[in-house]
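Visitor: Single-letter residue listing:
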Amino acid sequence: MKVKVKFFAFLRERVGTGEITKEINEGSTVADLWATLKKDYPKLAPVEMRLLYAVNRNYVNPDYALKESDEVVFVPPVSGG
Amino acid sequence: MKVKVKFFAFLRERVGTGEITKEINEGSTVADLWATLKKDYPKLAPVEMRLLYAVNRNYVNPDYALKESDEVVFVPPVSGG
Amino acid sequence: MFRVIREPIDLKELVTYVTDPSAGAIATFIGTTRNNNEGRRVIALDYEAYPEMAEKELARLGAEAKQRWNIQRMAIVHRIGPVQITEPSVIIAVSAAHRDDAFQACRFAIEEIKKSVPIWKKEVFEGGEVWIGTQSGQRLPRR
Amino acid sequence: MFRVIREPIDLKELVTYVTDPSAGAIATFIGTTRNNNEGRRVIALDYEAYPEMAEKELARLGAEAKQRWNIQRMAIVHRIGPVQITEPSVIIAVSAAHRDDAFQACRFAIEEIKKSVPIWKKEVFEGGEVWIGTQSGQRLPRR
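Chains as they are written, first to last, in the working numbering: chain A, 14 to 94; chain F, 14 to 94; chain X, 1091 to 1233; chain D, 1091 to 1233.
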């Protein structure tokens, strides 16, 4: 199945693009997807910061099971204000 | 000696004017002046509220000894803001 | 900037005044005339001041705030005369490097104004008028 | 009013939005770009957002504030893109019958923005640039 992944700020610069579509296995969690992306994008591998996970514009836990067409965002430490 | 007395707000309405000049004895305190004014203006007599005293634009204690030409204000409870 | 004026207060002017390159935060407080108080329907508030001393007291409390918190600039303007529903009677603006100082100094200023600055508020309500704070047993209104 | 915009933020618009006949107090907070941070000379801040979710989170925290305090109206506008020294990056305005609620809800909003709203700040300083909060061991800046 396919999901949409958006990258912002620090992660966008590391990945080099703001949005990709990614084919993943049924039953993949958000954490699984992040592990896969770290292999796809070597520049993500050293990222050690605490990330939050958002699916369809809501924060979710790392064990959230993804569904077809979900919009996934890995949220680096926010610093608005 | 003479002092200037200004009245504001509630007290101004009771006295009916915003400013008077008052002849007082040498050595009079602010508290003495207030006692005299209560006799001059019967409508001040029933005033029981806590007043602050200002002389020449500074708050003073009731036992402050007045001097010639002082500007005295009896300050009813403030309610700015 | 510590002033007592008769005209409407210009929020923009105060914020511009406190804007500073080394400030990351500006806190403002705007006191407005509310259409009700202690069950009465308020028509307007009418403020009176001992203006020379009021401005002096505003400046004094500004100086005290500067000693207590790490703030850049402060402005307080209080309006006198009639102030209609929704109109500002007082505006405070404070800039600081960090937000905590700006918030605390702004809060301090409005609390002090209500304690020590010679300004008085007459409430004109449906059926009468009253100098706030002068009635025996009456609390000062929270705002 | 909960918005993420690219243009300069109009303070007056927010204050007008929250103005209410039953409110006696309006508290506002303005976050501005400061010319220094942790010893660096800052040239500008450059903000990026996940805009749809950021607006949703702003509205969520506005709803939470309404549950926790007795407030009338709240507006939060965050700017994205480059924000020069002294320019506002965020403005919060809150109206309430009484000042304590307005101050507390305003403070709550800025603290929550810094915790949960997907907006990021790149600091452009003399000699480089950095996404604030991403460096190991780096604290989030107080503002």
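Source of the hints: derived by calculation from the structure; they are not laboratory data.
Among the hints, a few may not be true.
Per label pair, the in silico range of CB-to-CB distance [stated by the list, open to error]: (1) A:N38 / D:G1129: 45 to 51 angstroms; (2) X:G1218 / F:N74: 32 to 38 angstroms; (3) D:V1214 / F:N74: 55 to 61 angstroms.
Keep in mind it's a predicted model, so treat the numbers as computed, not measured.
Every residue gets a Cβ at the ideal spot worked out from N, C-alpha and C, and that includes glycine.
Visitor: Please go over all the hints and tell whether each is borne out by the structure.
Guide: Outcome of the hint check:
1. At roughly 48 angstroms, the beta carbons of A:N38 and D:G1129 sit within the given window of 45 to 51 angstroms.
2. A C-beta distance of roughly 35 angstroms is found between X:G1218 and F:N74, which places it inside the suggested range of 32 to 38 angstroms.
3. As the Cβ distance of D:V1214 to F:N74 is approximately 58 angstroms, the hint placing it in 55 to 61 angstroms holds.
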